[in-house]
Each structure stands twice: as structure tokens, then as C-alpha cells.
Amino acid sequence: MNQLNNGFTIFLSLLVEAMPFLLLGVLFSSLLLFFVDERKLVEKMPQNPLLGALVGSMVGFLFPVCECGNVPVARRLLMQGVPTPVAVGFLLAAPTINPIVIWATWTAFRDQPEIVVLRVVFSLLIATIIGWVFSSQTDLQPIVQPAIARYLKFNPPPKPEQKRRGKSQSGKIAGNTPSILRSGTYILGGRAGMTTRLDANQIPASEPNPNAGKSRADKLRLVLDNSIQELRELGGVMVLGSAIAAAIQVLAPRDLILSLGAGPITSILVMLVLAAVVSICSTVDSFFALSFSSAFSSGSLLAFLVFGPMIDIKSVGLMLSIFKPKTIFYLFALAGQLTFLFTLFINLHVI
Amino acid sequence: MTKSQPPNKLLPWLDVLAITAWGVLMLRYWRTGKLNLLIHPNYFPLVIVAGIFLIIVGLLKAQELWRRRRRDVITSNVQHVNFFAPGWGSSLLLIAAISGFIFTPQVFASDKALQRNVTDLLSTSRLQTRDFEPPSQTEKRSLLDWVRTLSVYPEPDKYTGQKVKVKGFVIHPPEMGSEYIFLARFVLTCCAADAYPIGLPVKLSKGQDRYTPDTWLEIEGKMVTETINGQRQLTVAADSLKKIPQPENPYGD
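First to last, the protein sequences are chains E and Y.
Going by the working numbering, the first sequence opens with residue 1, and the numbers climb by one from there.
Going by the working numbering, the second sequence opens with residue 1, and the numbers climb by one from there.
Calculated directly from the structure, the hints in this document are not laboratory data.
Since we're looking at a predicted model, the values are computed, not measured.
From the three backbone atoms N, C-alpha and C, an ideal C-beta is built for every residue, glycine too.
Be careful, since some hints might not be right.
Using C-beta positions, here's what the derived DEER-type ranges look like [stated by the list, open to error]:
| id | chain 1 | residue 1 | chain 2 | residue 2 | range |
| --- | --- | --- | --- | --- | --- |
| 1 | E | T138 | Y | R68 | 47 to 53 Å |
| 2 | Y | N249 | E | L320 | 17 to 23 Å |
| 3 | Y | E248 | E | A217 | 26 to 32 Å |
| 4 | E | L320 | Y | R68 | 31 to 37 Å |
| 5 | Y | N249 | E | R110 | 14 to 20 Å |
| 6 | Y | P41 | E | L31 | 26 to 32 Å |
| 7 | Y | L11 | E | V277 | 25 to 31 Å |
| 8 | E | L320 | Y | L11 | 47 to 53 Å |
Derived list of chain E stretches under chain Y, where covered just means 3 residues or more per stretch with a C-beta under 8 Å from a C-beta of chain Y [stated by the list, open to error]:
| id | stretch |
| --- | --- |
| 9 | 225–233 |
| 10 | 284–295 |
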């Protein structure tokens, strides 16, 4: 009975502590989604693959989105013609590299500041490396879903609204995706309407800034609706995640946890699996990790915090709306291996 | 569309209910002081503001729904992320909130502390000691102050003879003899999920009651060095033990 009470107290404390951060993240991402002009952002993206991947990884500072919000944004960016490394960097790093998540991590790991710093550094490194790797794939067709490839083919993205730097942009697209543009096969119905339908978000993907013409009141109503939608989805996952964390803390045999958590390799493997299985939102995942902090090695906590936002079961479904399954597999395999290597180094040589 | 699918009319109200319930629950924990049992006081303002905001969001949505109740306006009801079937996310949130209203959070007690062995209990490695200056009058130091001081200067003999007056709850670790009790408190860094026990062994003189586990005591005495479990250990030699009520914030200093 007492166990149940303890577990329940932990469950509630995780939720109460995480809720403010979730709310903040949801409100911010909804606001920015409707008020930031992505076109301007797209134009400023560097063309150099390595630099592009790095900048893409840090765009999260402008779009504080969880891993559920970042996929639609990444897809919109891709469709507006940002280079692949930028989009991939954004996809992997945006859920971690943003002020709200960093603040939440700091809140949870106040007495281990190195975890906060390393989480940011590793996420940036891994996202940049993977973004850079993907830059070697100049032809998008084999890696993205046919619908997106078709869309890009028929809407060679930025003719940047007739006035801004049109030349450099379209020149680069032609250089980046030669086979797409030169291909002579034309598929019927491959128009913009196609992509609008498969967008999971409220904002149609085909229009860069669909809300430009709306009145302020309408915009605010959309912000409210979007916030509530995200709150209920992410909140639901958060409730499940907190329940799992509390249950493990109370029910799992102490000896098992301690022996798994102390091994430099086993602890990381366990946490990588947990990261993949527990789809908890990146804004609040540090509190989940915190409940393991007494038993698990610092490297393994880092592995959870770095890998978790990049992959989880929920985001697979979402990412299938952009990439082909093979691409997603490569993304995850690369991210998992890099995370493993980095955090193993921490476990063995640093902390 | 809304006419043919009546659940669609109720689902938005479920959202409103779940969100508002969480706002009310968080404010209620604050008003009843139970927030102390869940999170570190540093984060109270965050929870209070978030609670107010959740209620505002809930009310705004309710107002909007109420206004358009008669019209068949199709709001942008495209699902954002199709992880849950419609209604599941809100239901989970609502169930969690309701269970929060029904059950009361519990103060952690000796059974949780005893999940660790005594070596764990006596180790101070997790404590943050930066920017820390204990009161110079030793009898004003709290249990936490003592454990922190000890983690900076671990040699127990350094403290021999110093006066002690500390509060905590009683643990009877099986590894300790019957002339000892362990006086403990839990410390939170962030929230109850990271609560961990700290404390000092107390040596009782003959005839002193060991008290039952979880009894809160104020103990006065002097510091001595004892060998417990094969380790030299700073110990309080108790002159007097006084039963006290559980403090309002059992995780505070």
C-alpha cells in the first residue's frame, strides 16, 4: 500500500513539475508557428552542407517545438527548398536545442550542470554530423516520400516571391536536385493540393505562410486551438510517461536497476531502448530521466536525453510523412550509434 | 458533419475539462500546502502561474465553444498528431487530474529510505556543496547543514564535542545495533522523483527510547566518532530526544 502511495506521489510530482514547461512549450510553438515568417528564414539558410546542418540544428531557438511539432515544420522547410542538411539538422536537434527545453533540463539537473551542457553539445554534434552525411545525397527522390518529391518537382520551391535573391536560390535547387528537375516523366495530379491533404498539422504545407492574411483575432483563435491540440496530445503522452517512470522506480527490483544502471555499457543500452519506447515530449523528458538519476550512470542519462528527442515511436509515424522508411532507419541507426559512442566515452573517461 | 457525429461536439468539452481540471489541481496543491510534498519550493511560482494559465486557456476555449454551440461551424479539427485516437489524450489528462483530487500525496518515509543500504545513506556524494556556508554556531545547523559540512570536511574527529540540535525522522536500519537510530530527512533538488535521504546516526544512552520508525524527533547532543559497520562515522550522542510534529515542509532545511 505504501509502495502504491510512493509511486503515486512520484507520478503526481513529475506531472506537476513538468506541466508548466509543457504549457510554455506549447504556447510558444503555437505562437511562433503563426507569427514567424518562414520564407525569410529559408532565404537565409547557408548553402554549405556542414554550416547548413549546424545552422539548421540551431533554428530550434526560433521554433521551440517538441518532437511532434518539429516534423511538420521540417517538412514545410524542405518543401520551401531549404537544403537537406538544414532540414535534417533541424529535425534532429530542434526538440533539444531550444530555450524551453534547456531551461527544463537545468531545472531537473541543477546539481549536475554538466548534463545540461553535454546534452546541448552532443545533440548539436550528432544533428550536424547526420545532416552533413545526408548532404551527400543530392537527389531527394530516393529518400523522401513520392508525394514530396513530386511536389518539389512541380513546384521548384523558392522563386522567392519574385523579389528576393531569386537567382541564387533557384540556381542552387537546380544544382542540388538535377535528376528531379531534368527528369522528363510527369505524373498526373502531382500538384500542390496533394501535399495539403497529407499534412498532419493545421497549416497546409503547400503555403509557406498561410495565415498572413488572417485577422489578429482569427490568428489568436488558431493559436488557442493549436495549443489545446498539442497540450492534449503531448499531455496524454506525458501522463503515460510519468506513470511508467513512477512504476519503474517503485516496482522494479532495486538490485536489477542498480546492476543495470551501474554498468557503463548496459546502462546506456537500457536508456537508449527506453528513449525509443517512451515517447515523452522533449520539454519534459528531463524530469523522466531525473527519476533514474540515483541509479543510472550520467552517460546513460545523457543518452536518454540526446537520443530521446531524435527518435520515438510516435515520431516514426510522423516522419513517414516526409521520408521513406529506409531513410528513417538510417537516421535512427546513425543517431543511435553516435549517441552510444559519445555517451560511452563520457562513462568511461570523464564522469 | 457535426450533426452526424455527435461525439465531435463533446470532445472539445473534454479538452476544456481536462485542461481546467489541471489548472485547478495545481492551484489547489499550492493552497493546501501539498505542493511542498511534490516539488522544490523554487518552482512554486512556475506551477502557480501555469495553473492560472491553464484555467485561462480552458475558459477561453469554453467561451468559444459556448458561443458557437448552435452553429455548425467546422473548426479546424484536423488532428495535430495522430498518436491517440480522438479523446484519448484528454481522457488521460483528466483521469490523472481526477486521481490527483482523490488521493493525497504522501510524505516519503523510512521504507523508501531503507531501499538503500546504510553505506548509501551515509554517503554524501550527491549533495551540492557549492556556495554553502553553514551557521558558525554548531547548534544552529540543520541536519542538512551537517551532512553538507561533512561532505566538505569528511574527517569525523574534526567535529568531536560540538553541540548539535537537529530535527528529522527515525529510521531503524537493520545493519545498525540497537543502541543506534538513524535520524534522516529527504532532500529534493527538483521534485519528489529525485528525493533522496540524508542524515546522521544517533547514539542513544541507556534507557533512551528508540521510538518507532518515522517518528519526527528533535535531538540535542554532542558530536562523537563511532565505528558503525566497520566505518568511522560522525555520530550524534543524544542528550535529549523530543517528539515533534512533522514539519509543514518535510523536505525543507
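Against the structure, the hints:
no.: 1; hint: E:T138 to Y:R68: 47 to 53 Å; verdict: holds (50 Å)
no.: 2; hint: Y:N249 to E:L320: 17 to 23 Å; verdict: violated (49 Å)
no.: 3; hint: Y:E248 to E:A217: 26 to 32 Å; verdict: violated (46 Å)
no.: 4; hint: E:L320 to Y:R68: 31 to 37 Å; verdict: holds (35 Å)
no.: 5; hint: Y:N249 to E:R110: 14 to 20 Å; verdict: holds (18 Å)
no.: 6; hint: Y:P41 to E:L31: 26 to 32 Å; verdict: holds (30 Å)
no.: 7; hint: Y:L11 to E:V277: 25 to 31 Å; verdict: holds (28 Å)
no.: 8; hint: E:L320 to Y:L11: 47 to 53 Å; verdict: violated (26 Å)
no.: 9; hint: 225–233; verdict: holds (count 9)
no.: 10; hint: 284–295; verdict: holds (count 5)
Figure legend: structure checked against the earlier numbered hints; hints not met, in rising order: 2, 3, 8.
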